[in-house]
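Protein chains: 2
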Amino acid sequence: MSTPLTWGTPHPERADAARNRQLLLTTARALIAADGPDCLTMDRLAERSGLGKGTVFRRFGTRAGIFQALLDDNERALQQEILSGAPPLGPGAPPVDRLVAYGSARIHFLAENHEIARSAIDGRPTNGRRPPLSQIHIRVLLRELDPPGADVDLLAGQLTSALEGPLLSQLFDGPELGQAELDRSELTARFEAGWRYLVERVCTLAA
Amino acid sequence: MSTPLTWGTPHPERADAARNRQLLLTTARALIAADGPDCLTMDRLAERSGLGKGTVFRRFGTRAGIFQALLDDNERALQQEILSGAPPLGPGAPPVDRLVAYGSARIHFLAENHEIARSAIDGRPTNGRRPPLSQIHIRVLLRELDPPGADVDLLAGQLTSALEGPLLSQLFDGPELGQAELDRSELTARFEAGWRYLVERVCTLAA
DNA sequence: CGACTAACCGGACTTTACCCCGCTTACGCG
DNA sequence: CGCGTAAGCGGGGTAAAGTCCGGTTAGTCG
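So the sequences go chain by chain: A and B. My numbering numbers the first residue of the first sequence as 1 and each following residue consecutively. My numbering numbers the first residue of the second sequence as 1001 and each following residue consecutively.
No lab work stands behind these hints: they were computed from the structure. The beta carbon of each residue, even a glycine, is placed where N, CA and C say it ideally should be. Hints may be right or wrong, so weigh each one.
Partial pick of chain A residues on the chain B-facing surface, computed with a CB cut under 7 Å [stated by the list, open to error]:
{"no.": "1", "residue": "L154"}
{"no.": "2", "residue": "G157"}
{"no.": "3", "residue": "Q158"}
{"no.": "4", "residue": "S161"}
{"no.": "5", "residue": "A162"}
{"no.": "6", "residue": "P166"}
{"no.": "7", "residue": "G194"}
{"no.": "8", "residue": "L198"}
From just these sequences and the hints, can you work out the full model?
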C-alpha cells in the first residue's frame, strides 16, 4: 500500500521492511496523538516500535521524512476522490470548477493536518524529491484551460504557493497583521473564498 | 543601524552588544564566503569572532536567526529604494507598475541571496514574528488599487507566496517537472514575466 | 532442499543546536 | 568619582539528528 506504483522495479520492498514501515507509521501516529509532534523523537520512535534507530533512518531518511510519509498516507483518500470521485472534485466538471473544488478540499485537508504538515517541512530536501501532488493536479487542469499568453507550468507553481502558503503561515503562526483570531470554519471559509477569487481572476478570459 | 526603529524603548542596545552584533555579522559573511552556508556552525562562528557561544545565541536566538539577520541587512538597500527611490520601484508610479517593479526587484534579490535565504528558513518561528516586508508592501499597493470584491489582506498573502514560493523552490531544488536547466538570467526573466502576468490578471478590472 | 547474496537491522558514535547559570562589564545616579 | 544593577558574556552540559559498519535474514536460484 505504501509503494503501489513501483511495480516495474524488481524488488519494491521486502516483506519485513513493509511490515516495519507500517509499524513505524502506526507508532508515530500514536506518539503524536499522545504527546504532540514535537515530542516525536527518532530514538523514542525506534524504542517504542521495538526497532533500532538505523531502521527508522533507513525507512524515512530524516525526521521530516516521517511526517512526509504520514501526510502522504493521509492524503491518499483525497487522491482517490480526485482521480475517480464525483464531480466537481472528480473528473467530469469544467476545469475552473475542478480547480475551485480542489482548493477547498486541499484547504480542509491542510487545516486538519497542519501539525503534521508543519513538521514535514524542515531541513534539506530529504530524499525522494517527488513533486507535490497539488502542483501536478493544478497544472493538469490549467493545461486544459490553456489561458492565453500564460506560462502554464510556472502559473501552476504560483497558484499552488498561493493556495498553500498563506494558509500554512496562518495555521502555524496564528493570525497576523492585525487580524482577529478566527475559528476553524471561519478560517477555511475565508481561504476558500480567496482561492475562488484568485482562480476566477486568473482563468476567466478577459473581455 | 540594526535596530533603528526602536527608539521608544529605554535601552535599545548596549554599545558593546551592538559592536559584537556587527562583528558577528561580518564574521558570518566571511565564513559563508569561505566554506558555504552549511559549514557555518554556532561554535565556529563564536570561536572565529573571539566570543562565547552564549553570546551568539543571545544575539540571534537560533541558527536560522543569523541568516535572517544577514538577509535583513542585505535587504535594507532595496527597502530604501522602495521608500524613497525613483519610480516605478519608488513612490510616484501607478500601483500596478509598482507591483510589477517590486516583483522584479524581489526576484533578483532572492536569486542573489538564495543560499542565505535557504538557511534562514529552518525550524520554529524563531523570535520576532515580524511580518515579512514583501507582504506589507504588496498589501499597501493592493489597497491603493482596491480590486472590487477582493479580500485584500488575504490576496496580499497569496501574491507574496506566488512571488516567492516557486522561485525559492526552483533555486533550492533545481529545475523540476521536466524543465530544462536555466541559467540565472533566463530564470529571473521567466519569473518576472510570470509575475507580471499574474499581477495584471488579478489587478486589471474585468470589462 | 541448501547455499548465496543483497537488503535489512541494530545500536554505538559523532556532530551540532540550544540551555543554563555564575561571572563580568557598561551605564546612570548620588 | 565611586556604587548599584541590569544587561551582556562565557563555556561547559544536554539531547537529539544523522552516520557507520558488522551481524542477520528474506528471497532466489541451482
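Evaluation of the provided hints:
1. Checking L154 of chain A against chain B: minimum C-beta separation of about 4 Å stays under 7 Å; hint holds.
2. A cut of 7 Å between beta carbons decides the hint on G157 of chain A: the least distance to chain B is about 3 Å, and the hint holds.
3. Satisfaction of the interface hint for Q158 of chain A is found here, the shortest Cβ-Cβ separation to chain B being roughly 4 Å, below the 7 Å cut-off.
4. A distance limit of 7 Å between C-beta atoms decides the matter here; for S161 of chain A the minimum to chain B is near 3 Å, and the interface restraint holds.
5. Because the closest C-beta pair between A162 of chain A and chain B is about 4 Å apart, less than 7 Å, the hint holds.
6. The closest approach between the C-beta of P166 of chain A and any C-beta of chain B is roughly 3 Å, which is under the 7 Å cut-off, so the hint is satisfied.
7. Here the hint on G194 of chain A is kept, as its CB sits about 4 Å from the closest CB of chain B, short of 7 Å.
8. Among the interface hints, the one on L198 of chain A holds; its C-beta lies about 6 Å from the nearest C-beta in chain B, closer than the 7 Å criterion.
Every hint from the earlier list agrees with this structure, and none is contradicted.
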